[in-house]
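Novice: Based on the sequences and whatever the hints tell you, model everything.
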Amino acid sequence: MQDFFNEMYLDGTTVRPHYREFANWLSRQEPHVIEQKRAEAELIFRRVGITFAVYGDNAGNERLIPFDIIPRVIDASEWAHLQAGLVQRVTALNLFLNDIYHDQNILKAGLIPAEQVLNNAQYRPAMQGINVASDIYAHIAGVDIVRAGQGEFYVLEDNLRVPSGVSYMLEDRKMMMRLFPDVFARNRIAPVEHYPDLLLDNLRSVAPQGVTDPTVVVMTPGMYNSAYFEHAFLAQQMGVPLVQGQDMFVRDNTVFMRTTRGPQRVDVIYRRVDDDYLDPLAFRAESTLGVPGLLSVYRAGRVSLANAIGTGVADDKSIYPFVPEMIEFYLGEKPILNNVPTYQCRKKEDLAYTLANLSKLVVKEVHGAGGYGMLVGPASTKAEIEAFRERIVAKPEGYIAQPTLALSACPTYVESGVAPRHIDLRPFVLSGKTVSMVPGGLTRVALQEGSLVVNSSQGGGTKDTWILE
Amino acid sequence: MLSRTADHLFWMARLTERAENTARMLDVRVQTALMPQTPSAAEREWRAVLGISELEQAFKEKYAEMSQNNVIDFMVRNTDNLSSIASCLTSARENARAVRGTLTTEVWETENSTWIELQNHLAGKQLEQNPGKFFEWVKYRSHLSRGVTLGTMLKDEAVNFLRLGTFLERADNTARILTVKLLAAKENDGTEHSAQKDFYYWAALLRSVSAFEVYRKVYRDVITPERVAELLMLQPNMPRSLLACMIGVVSNLKDIRNDHSHDTERIAGKLHAELQFARIEDILEQGLHNYLTKFLASINDLGNRISRDFLVPTEE
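Chains A and B supply the protein sequences, listed in that same order. Letter 425 of the first sequence, counting from 1, is numbered 425 in my numbering, and no numbers are missing. Letter 87 of the second sequence, counting from 1, is numbered 1087 in my numbering, and no numbers are missing.
Heads up, a few of these hints could be off.
[To be verified] What follows is a list of derived Cβ distance ranges for each label pair: (1) B:LYS1125 to A:ALA406: 47 to 55 angstroms; (2) B:GLN1286 to A:GLN246: 41 to 49 angstroms; (3) A:GLN458 to B:LYS1125: 34 to 42 angstroms.
[Unchecked claim] One-sided excerpt, in silico: chain A residues whose CB lies under 8 angstroms from chain B: (4) VAL48; (5) MET223; (6) ALA232; (7) GLN236; (8) PRO241.
No lab work stands behind these hints, which were simulated from the structure alone. Here a beta-carbon is modelled for each residue, glycine too, at the ideal position from N, C-alpha and C.
Specialist: Here it is in structure tokens:
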């Protein structure tokens, strides 16, 4: 008896219809061929340098993210549901950001306590009253979705700052097609390879007013950043320069980059640098990753940033519980995708419940990310739980708690053979003049048996994600 | 193109070329070491190898004995030595990684594979057991890097900066090899002097720059030091000669010309013209060593100017 939803099997032996073709194919493969292909995949990933750096890991500065060859398959009707829900959600989040940084109607209406927003560390007063192109703040959103219970989808997190992972979505697809071309011939799998094209189109569409042929750049903290591969990859795929802060400077209320033929104006910056590091004159003074004066040019509307400054106030875990209300408030629609029930420890009764049920709950820091700073109750020792309890009591407003969801699982190659492992899904939603997405996303898999932590920094792997047409 | 990008490309090509030249130099020395030789002559030649890169002092601080294994360890493995093959190939790959979006996938994968294979080469004892095989590999990877660059990249500024790096480094390296080898030949006090020994000496020098067959084709005659110097300095069609390198530098500089680069172009053009219209007899009469020392200083100056004009601009 399984206590989680299995993506591939209806029960122990019956394969779900949308997996049938793949399962047939897999059953015909010789084990040694599969083994060989897996080794080949690792070799190619290493040669191509699809690696990521792990902070504080001296042993190997560049690590591969384990790639699993059994795809995660989603059928067309499920995808249509997900896509509608994602477009709705991200549209509402952008409306929320525009509202918060202008009239704050949602606060006036009393739907969200004002101090929750205005005292939030992620709220940027510098953005108040500033108009951004097309009123879009979160141009690129990477929304984390899980499946639990009988297979219902839940939104776990809205990543609206600098979400990463899209390069793995693309590279995983490329790898699958390279290793198993015959599989693609027998399944109608929706293509995702045009993502960089959509992204470039989206970035160009939010250029400052009056700029008809904008110069777009990707801004990276540099090659020692954990997501450097992705920054370089996206710049290359879009055919735009990959710049660092030091390559740019501000003069005459304009951002320029230093080129071999002299200064060249920059119009749109797809920045993969956090707010805090963008401009040492406005935010962290010690930052060497940013461009002095960038904020003032941005505020004057003479350069566009994607994502906008201050989007963190909408994806913060303390704001997350209010997203369903936002959807109803701004769009007058019922939310299509579920939120995970969330206990806000800042509330007395929620705190009491949380502390009484720590062994059953997942507790997260409201500003945490990357799977760090969280407690997975059922998987923790008594001592770990008690240590965490002290942290919550000391600063209740810093935490939220959620029931431990039985994440769905997908068959995965592990040392002992093929076994179910828990997965999530991160589709990428692009907002500009329109809202668009490619059919797919990044599926992350927790490779440890029973583990629910899929983050690559903590030993998670990835799978190709198929949307069947 | 971004100045920083151009800088990384320039150094990626320079360091790859430097690794190749170091491998060539060591390879030839290892081969000549197989010939009968007095211990003092052997030691002198190993010292000459270090002298080419001005590294004798740094070597002495780390190693007691001027032996083949020690010099190879220092010039191949030692990562404190920034000119060692391991250092050069690692830095070349770091530079490539910094601009992997500007390179074609094939170029990046070539640089990355070189670095990955390098770890395997250095992991075992193969280097000591059969150094020639390793040097062959380094040369081969450098050929591959150049070939995949010219064969897959758009002929735009990126290629110009890569080529500039290659030619400038090669000019420097050829001039250094000549300086040291010609000096060492002169120092030979005659005790080991014989026509036969001379032949092997000059043949080895020619082989180190892949010029042995070229020499035969161009001169169809016995090998003399004067002609060796002429071939490696003034022969425009010999890919590693100083003149050929300067032809490459001048033409690539022209393609990337900007508002500040006029003086740099002028100086490169002058250096080119001097070589083009020089006669080896005149150079020898003035003193070859003197000439090459001045040439090396000019190349160094040119590198600094390129850096200032294109790669690390200070003005805003």
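Novice: A separate judgement is required for each hint: does it hold in the structure or not?
Specialist: Cross-check of the supplied hints:
Checked against the hint of 47 to 55 angstroms, the C-beta distance between LYS1125 of chain B and ALA406 of chain A comes to roughly 54 angstroms, which is consistent with it. Between GLN1286 of chain B and GLN246 of chain A the C-beta distance comes to about 45 angstroms, which sits within the given range of 41 to 49 angstroms. Against the hinted window of 34 to 42 angstroms, the Cβ-Cβ separation of GLN458 of chain A and LYS1125 of chain B comes to about 38 angstroms, which satisfies the hint. Against a cut-off of 8 angstroms between C-beta atoms, the interface hint on VAL48 of chain A holds, since the closest Cβ of chain B lies about 6 angstroms away.
Given the 8 angstroms rule on beta carbons, the hint for MET223 of chain A holds: about 5 angstroms separates it from the nearest Cβ of chain B. Taken as an interface hint, ALA232 of chain A checks out: its beta carbon lies about 4 angstroms from the nearest beta carbon of chain B, inside 8 angstroms. With a cut of 8 angstroms, the hint placing GLN236 of chain A at the interface with chain B holds, because the nearest CB-to-CB distance is about 4 angstroms. Here the hint on PRO241 of chain A is kept, as its CB sits about 5 angstroms from the closest CB of chain B, short of 8 angstroms.
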